[in-house]
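Student: Residues per chain, in single letters:
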Amino acid sequence: MKAAEKSTLFDRVVKATPGGEALAQCLQCGSCGGSCPSAVDMDHSPRALFAMINAGMEDEVLGSNTPWYCVSCYACTTRCPQNIPITDIMYTLKQMAVQRGHYDHPHAIKFSETFIGFVEQRGRGFEFGLATRYHLFHRPKQFLQPTQVFKMGAMGANMMRRQRLPVRPVSIREIDQLQAILAKAKVVAAKEMQA
Amino acid sequence: MSEQRVGVYVCHCGHNIAGTVDVEHVAEWSANLPNVVISRDNKFMCASTGQEQIEEDIKEFDLTHVVVASCSPHMHEKTFRNACARAGLNPYLFEMANIREHASWVHASDKDGATNKAKSLVSAAVHRVIHQEPLQPMQVDIRPETLVVGGGIAGIQTALEIADAGYHVYLVEREPSIGGHMAMFDKTFPTLDCSACILTPKMFDAGSHPHITLLSYSEVEQVDGYVGNFTVRVRRKARHVDEDLCTGCGSCWEKCPIKVIDTVFEAGLGSRKAIYRPFPQAVPKYPIIDVENCTYYKSGKCRMCEKVCPTEAIRFDQEDEILEVEVGNIVLATGFQLFDPRRIPNYGYGRLENVFTNLEFERLSNAAGPTEGKIVLRDGVTEPESVAIVHCVGSRDKNYNSHCSAICCMASLKFAHLVMEKTGAKVYNFYIDMRSISKGYEEFYHRIMEEGASFIRGKVSEITDAAHTPEEEGKLILVCEDTLIGRPRRVPVDMVILSAGLEPRADAQEVGYMFGAGCGDTGFFTERHPKLDPVATVTEGVFIAGACQGAKDIPDSVAQGAAAAARVLATISKKQVNLEPVRAEIDESRCSGCRICNNMCPYHAIDFIEADGVSRVNPALCKGCGTCVAACPSQVINGAHFTFDQLIAEIDGIMVDVTAGALEVV
Chain A
0 MKAAEKSTLF DRVVKATPGG EALAQCLQCG SCGGSCPSAV DMDHSPRALF
50 AMINAGMEDE VLGSNTPWYC VSCYACTTRC PQNIPITDIM YTLKQMAVQR
100 GHYDHPHAIK FSETFIGFVE QRGRGFEFGL ATRYHLFHRP KQFLQPTQVF
150 KMGAMGANMM RRQRLPVRPV SIREIDQLQA ILAKAKVVAA KEMQA
Chain B
0 MSEQRVGVYV CHCGHNIAGT VDVEHVAEWS ANLPNVVISR DNKFMCASTG
50 QEQIEEDIKE FDLTHVVVAS CSPHMHEKTF RNACARAGLN PYLFEMANIR
100 EHASWVHASD KDGATNKAKS LVSAAVHRVI HQEPLQPMQV DIRPETLVVG
150 GGIAGIQTAL EIADAGYHVY LVEREPSIGG HMAMFDKTFP TLDCSACILT
200 PKMFDAGSHP HITLLSYSEV EQVDGYVGNF TVRVRRKARH VDEDLCTGCG
250 SCWEKCPIKV IDTVFEAGLG SRKAIYRPFP QAVPKYPIID VENCTYYKSG
300 KCRMCEKVCP TEAIRFDQED EILEVEVGNI VLATGFQLFD PRRIPNYGYG
350 RLENVFTNLE FERLSNAAGP TEGKIVLRDG VTEPESVAIV HCVGSRDKNY
400 NSHCSAICCM ASLKFAHLVM EKTGAKVYNF YIDMRSISKG YEEFYHRIME
450 EGASFIRGKV SEITDAAHTP EEEGKLILVC EDTLIGRPRR VPVDMVILSA
500 GLEPRADAQE VGYMFGAGCG DTGFFTERHP KLDPVATVTE GVFIAGACQG
550 AKDIPDSVAQ GAAAAARVLA TISKKQVNLE PVRAEIDESR CSGCRICNNM
600 CPYHAIDFIE ADGVSRVNPA LCKGCGTCVA ACPSQVINGA HFTFDQLIAE
650 IDGIMVDVTA GALEVV
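The listed protein sequences correspond, in order, to chains A and B.
Once you know that position 186 of the first sequence is 185 in numbering that gives the first Met the number 0, the rest is easy, because the numbers rise by one and skip nothing.
Once you know that position 525 of the second sequence is 524 in numbering that gives the first Met the number 0, the rest is easy, because the numbers rise by one and skip nothing.
Chain B on its own, in the form it takes in the complex (with noise of 0.2 Å):
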C-alpha cells in the first residue's frame, strides 16, 4: 500500500455536537491516530468555509482520504463527498463519523463518555477510511414512458402533468372507471364546490390524451427492471365488452334484467345492473359486465344485452389480456381505504340501522345518488329532525389507528352544513380536537358555528337504542363525557354520521413489495424523507403521491401528485440518471450456484445464470444493502464499499483505547 495521507475534521455543529463532545479535544487526540496528517475542528464544516477548507488541505496536504465527524451521512454526506470531488479526490475516499446523533445528542448527560464515544467513532473512520477504493457512479438511461397506477385525484393530477409536458404515460385502475373516492364525494370543503363538477374535466382530459394510454380495469401483476427501464405486466380484466365498437349509449344495461346491490360506487346504498357503467361520468365511458351475477355466467340464458346492443359489442367470451409495458419511471397512487366501523362494536354500525358512514353520507347528500340528494334515515323517506356526527371514528385511537386521518374534521364540518342546509335538522358534531390547519379551513370551521351546529368536546363512549328517559324513546342515544362541562352527556339523535378515518389499503404491503417501496408503522408507503423528499421511495424511479403516502385531502393529494410528476419529469429530461456505485459484486469463478442468494435479495437483483451455473447481480437493481454479502456460505460476494477489510477496519478501530491521553476529570 502507497503512502496514505488521512485528513480529519471536527465539527462544533454550533452547540449541537460542541455543547456536549469536547470537539478540541477530540481533533487534537485525532492527530496522533495512524496516517493522520492533518486533524482540525470547525464550528460549521458543512458551511463554506468549511467545505473550502477541506479543499485547500487536500491540495496542500496531498490528502488521499478524507474524515468529517459531524452529523449523519443522511444529512451531509452528499456535501463532503462533492467538496472531495471539486478538490480531485474521489468522492468514495472519504468517510463520515456521525459524533451528532450518535454521540452528543444520545448521551447529553455524560459528557466524558461522549467525548470517548466520540473519539471511537472518529477512530474507526479514519482507520476504515484508508480501505476504501475510488468507486465511480453507474449511468444508466432513462425510458421517457411513465406508469402511473392507481387512477384517483393524485393519479389523474400525475397522469396528466407529465402528458402535458409531452411524455406517455400508462395509467392503471383497479376499477372499472378513474375518479377513485372523489367521484362518490357530493360537496368539497372548505369552498362547497360540487367534487363531480371539479373532477369530471380532468377525469375526461385523462381518458382522451393523446399522450395518456388508459388501462382501466386492470391491475400490475409483475415489476422487474430498475430505474429507467421498468418492465412492467399489466391484467386487462375482461369487461366482456368491445371498447372499439361499444358507443356507450346504455341500452345493454337499461334492458338488463338483474339489479345487483352497489357497494362499490353506492356504498350499498343504491343498485346497478349485472351489466353496468359505475356512474354517468365514468371514463371510460364502456360497461362492464358483472360475471358473478350475469345470468348468462350462471345459466348460459339470457343474453339480453346481446340482443340490444346496435354495434354488436358484447363479448360473453372475452379473456383477460396480458399487457407488457416498457417503462422509466413509476408512480403509486393507489390511495387509501376507508375504516370499517363494524370494528368498533359500541358504534353499532350494522346493528343499529340508522348509524350511516361518511361514504355512505357523501352518497345520500350526492344529487346524482340513491336518494337524489335527499337526507333520509334509512328507511328512504323519513327526514332526521337531529343528527349526530361522530369524529375521529378509527382513527387516534391505538385500538385501531393511532394516526390522525386529516380529513375527517373538515368533512365534518362539511356534513353538518349539508345537513342543516337540506333538512333543517339540529346537528351535533363530537370531537376530540377540531383541525382545521389549511387555507381557508378555520373560516369554515367559524361558518360552521355560525350556522348553528353544536361542537361537544367528547370522544363518544356508546351509540345505543336503549332508552333511559321517554324522550330518548325510539331515538339513538350518544353516551359521552362532555368534557368542556367535565359531566357525563346523553344526547338522543335520528341519525348518526360516522367519520370513518383513513386507512393504508388492505394490499399496500404487498403492492408495497411489488414495486420496492416499503410500508411504515402506520401501514403507508414510507417516503424517502418526510419533510424533504416526501414524493420519492428507497427505490429510485418509484414515487408516491395521494393518500397512499398518509391520510391527506384533495387539495394535498393534487399537490403531491404534481410533485412527482416534477421528480419524474426531472429524471425524463436529463435522459441518464447516476446509481450509486455501492453494490455487490458475485466472484462468478467461486460460485457454487447454490442461490441462496437469490431469494434473499429483498431487491430482486440476482438472478441465476443457467448457462454459467452462477448467480450475477444486476448492479442497476442492487441497493448495496449486504445480505447477500452474509447469506453467501461460500463468502464469495463483496460488497462494495462494505468490504471485508473495510468492516474490520473499522472494528479495529473502535478498538483503539480511547481512554489513553484521556481528559482530566474535573
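Only chain A is shown next, with the shape it has when bound in the complex (with noise of 0.2 Å):
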C-alpha cells in the first residue's frame, strides 16, 4: 500500500497501459493535439496532458475533458514519432478519473457508460438507443425543453434518412462469447484494483 502512495501519476499511468514506458520519450512536438480531431474541444492537447502528468498534476489531470473527447481514431497513435500509445493511455485516464470519482464532466462519464452498456449487451454501439437513453436518464430536463426536442428530432429525422441513423439495434453473432470474455476481463480488473 505504501509503495502505491508513493508511487507518481506517470508510474500509474505508465503501468496501467501496454506499451506506456513510450511516455517517458514524448518530445513535445505535438503531432498528436496537431492531427487530433477533436483537439479544438480539448481543454489541453494530448502532448499538454503529458506533460502535466509529468509534472505530477493530478487533479488537473484527471479533471480535464480531454480524455472524453478522444473519439479513439488513432491518427495521434499512428503519427507519434515516438510510437507512444495516446489512445490507449486517453482509456486509463478515463478509467483513473471514474475509478478515483474525481472528474469535472460527469455527462461524459455517463455518456461513456450508456455506451458501453449497448455494446456489452450487443456487441455494437446503437445511436439512436444511445441518443435517446443518455438523454432520457441522465439529463431528463433538458432534452424535454421543447427547442431541444425540436433540435434534436430534426436532426435524427435527416439522419435517418440518408440511412445513416437505423432504428433497429444489431447484435453481433455469439454475443455469449464476449459477454463471457468481458464478465472474465472484469474480475481480472477487480482483482487488481484489490492488489
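Simulated from the structure, these hints should not be mistaken for laboratory data.
Some hints could be false.
Claimed, not checked - Quick partial rundown of chain B residues pointing at chain A, CB under 7 Å, derived from the structure:
| hint | residue |
| --- | --- |
| 1 | K397 |
| 2 | I431 |
| 3 | G485 |
| 4 | P487 |
Each residue gets a CB set at the ideal place from its N, CA and C atoms; glycine is no exception.
Each of the two chains sits in its own frame; use the hints to bring them together as a complex.
Tutor: Listed below in C-alpha cells is the structure:
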C-alpha cells in the first residue's frame, strides 16, 4: 500500500497502459494535438496532458475533458514519432478518473457508460438507443425542453433519411462469448484493483 | 607445467567499483586462489602508481602471469599489457577481469551479489591466465597508396590531404563528376558563401593533382587483402567518350537532339541532353553518353555527337574497363542519401505540386539551376507570397528514421533567409526543437529571427489543399498544434519546403560488407569508438569520413576527411603496422578440407588451398573472432588466446564457490 501511495501519477499511468513506457520519451512535438479531430474542443492537447502527468498535476489531469473527447480514431497514435500509445493512455485516464470518482465532466462519463452498456449487451454501438437513453435517463430536464426536442428530432430524422441512424439495434453473432470475455475481464480488473 | 606465479590487482576505480563491490575483501579472498602469490587492491590501477606496482611486483615476486580486476578491456587492456611488457613479461600473459561494467555498475543495488560476482570473475581470470601463452604481434608492410571511395566534400578533402603529403591516392566516384551533394547546393550556412565558389577550387585540385588518380563514373567491385596490402577491383563504366581526345568543348551536348529530365543533379526540376556533363564546373570535364536515352543505342541512328565532335572523341563501342589497384589503406566517404518524403503520405509530396524537397529548393535557388535562381512555384512563373519550411521530415521519428539529421535546422534557416531575400514572402518555420550547436550557428538563428521569419513550435501533422475557409482556398494548409500556445493551428501558404533528413545510402550494408565496415542500428557505418576513434572502423586499414558515418554538415565532413587522412598518413609513415596476434590457426594435418569455415568467416580470411586439399587462415585478415573455431566439425582450428584449455579453465574458475568464506551479511 505504501508503495502505491509513493508511486507517481506518471508511474501509475505507465503501468496501467500496455506499451506506456514510451510516455517517458514524449518530445512534446504536438503531432497528437495537430492530428486530433477533437483537439479544438479539448481543454488540453494530449501532449500538454502528458507534460502535466510528468509534473504530477493529478487533479488537473483527471479533471481534464481531453480523454472524454477522444474519439479513438488513433490518428495521433499512428503519427506519434515516439510510438506512444496515446489513445490507450486516454482510456487509462478515463478509467483512473472514474475509479477516483473525480471528474469535472459527469455527462461525459454517463454518456460513456451508456455507450458501453449497448456494447456489452449487443457487441455493437447503437446510436439511436444511445441518444434517447442517455438523454432520457441522465438529462431529462434539458432533453424535454421543446426547443431541444425539435432540434434533436430534426437532426435524427435527417440522419435516418440518409440511412445513417438505424432504428433497430444489431447484435453480433455469439454475443454470449463476448459477454463471457467481458465478465472475465471484470473479475481480473477487480482483483487487480484490490491488489 | 613449471611453477606458475600469478599476481592479482583489484581496482577501486574511485567509487565506481568500491562504492558497490567490497574491493578489499575481493583482494584478500583472491590471495587464496591457486597459484596466486600476491593480491592487492589499489585506488586507481590505471594511474602510474598502479602500473608501477605491477612492474615492481613482476620483478620482486618473479610473477609469470598478471590479472587486473577493473574496468572493460576496451578501456585499459593496452595500459596493463604495456606495464607487463615494460617489466619484461609478455603482454599476452596478462588477463583482465571486468568488475566495473560487469559487476559494480550493473548491480549497484546488490552489494553482496556484486562482490560475489566480482570474486567469480577474478577466479575465472586467475584460472584462465595460467594457460595463456606468450604471443608475438605480427608485423606487415604498408603500401603507400590509398583508395578513397566517394568524391563528395569529405572524400575530396581526404584525397587532397594525403596527396599533398606526397602519397598517391585513387579517388573513386560513382557519378560522372566529383562534388557530391555540396555541388548541388546554393549557399552554405551560416556564412552564406556560395557553395560552388568554395567547392570548385577543391574539385579542380583533386582533378589535376599529380598524386591523385581520379576514377570517376567508377565503382569498386571487390576488395581483397588486409591492412597495408589491399587489392581493389574497380569497374570503370564506359563513358563512350575518349578522355584522351575530348576537350570538353560542349559541341556534342549542344547538338544532341534528346532532352532528358535530370533527376540526379537538378533533382527532377531541370533537363539535360542524352550526352551530357552534369554541371558546368564538373570534374572531370568530359561528358558521358546516357545509353538508356541515346537514340543511337535504341535505333542505331543519329550519331549527331560523333558528327560534331571536333576531336573525334565519341566511342559508341567503348566498354566497361576493369582496373586493379594495390593500396595500403582505404577511406570510405560514400556520403548519405536524402529521405524520400513520399513515405509520409500526409505531407503530400508528389501529390500536392507546390510541396518541394530541400534539394529541389537548393536547385531553385541556385543561380546555375533550372530557374536561374528565381524562387517560383511548380508552374515556373508565380512567386510565392508565403512559404512554410517543415523541419525534421523523416528524422527524429521512429516511424521513419529515429536519428536527428543534424543539418536541417540550419539549412531550414538558410532557406528562410533566401526566400525572404529573393521574394519578400512571409516565412513560417515549423520545428520541434531548434538545434544550432556549432560555431556561429546560434547567431545565424538570431539573425533569421531578426529578418522576420516566423517560428511555430510544432511538428506538422498534415499538409492539405482542402480549404475550411475562403482565405484557405487555393493554398496549401499546414495543420499542426502550436505547442507554445497549446492550440491547433491551420496555416495557409503558397509553397512548402520539406527539410528531408539524411539517411544512410541504400547500399551501405553491401558496401560495408565489401570493405569490412559494419553498420550500426541507424544504418550508418560504425566507428571503432564513438568518441575517441571516430574515423576508424573495426577493420585495420579501413577508415570512414563524412556523412557515411552519421548525418553531419560540411565543416564536420571536412574535419573528418582531414582526420581520416591523418590516420592514413600515420600508418604510411610507420611503414609497418603491428597486428594483434589473436588469430585462428588450422592444424592442416587434421583438416578434412570440408570448407565449412571458408564461408563462415566474416572477414574472408580463410582460403581453401586446392593443391593441399586443406583450408588455411590468412593471419593478416583474421580478427580472431572464433567463428571458424566453433564451426569446425573436426575441431582442428585453434583460436590463439582463446584456446579450449583457456576457456575451460575460465569456466572452472567461474564455478568456484565464492560464498565459502564470504562476507558476513550485516
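Student: Compare the structure with each hint and give your call.
Tutor: Quick rundown of the hints versus the structure:
1. The closest approach between the C-beta of B:K397 and any C-beta of chain A is roughly 5 Å, which is under the 7 Å cut-off, so the hint is satisfied.
2. Using the Cβ-Cβ criterion of 7 Å, the hint placing B:I431 at the interface with chain A is satisfied: the shortest such distance is roughly 4 Å.
3. Checking B:G485 against chain A by beta carbon gives a least distance of about 5 Å; that is within 7 Å, so the hint holds.
4. Restraint check, B:P487 versus chain A: the minimum CB separation of about 4 Å is within 7 Å; hint holds.
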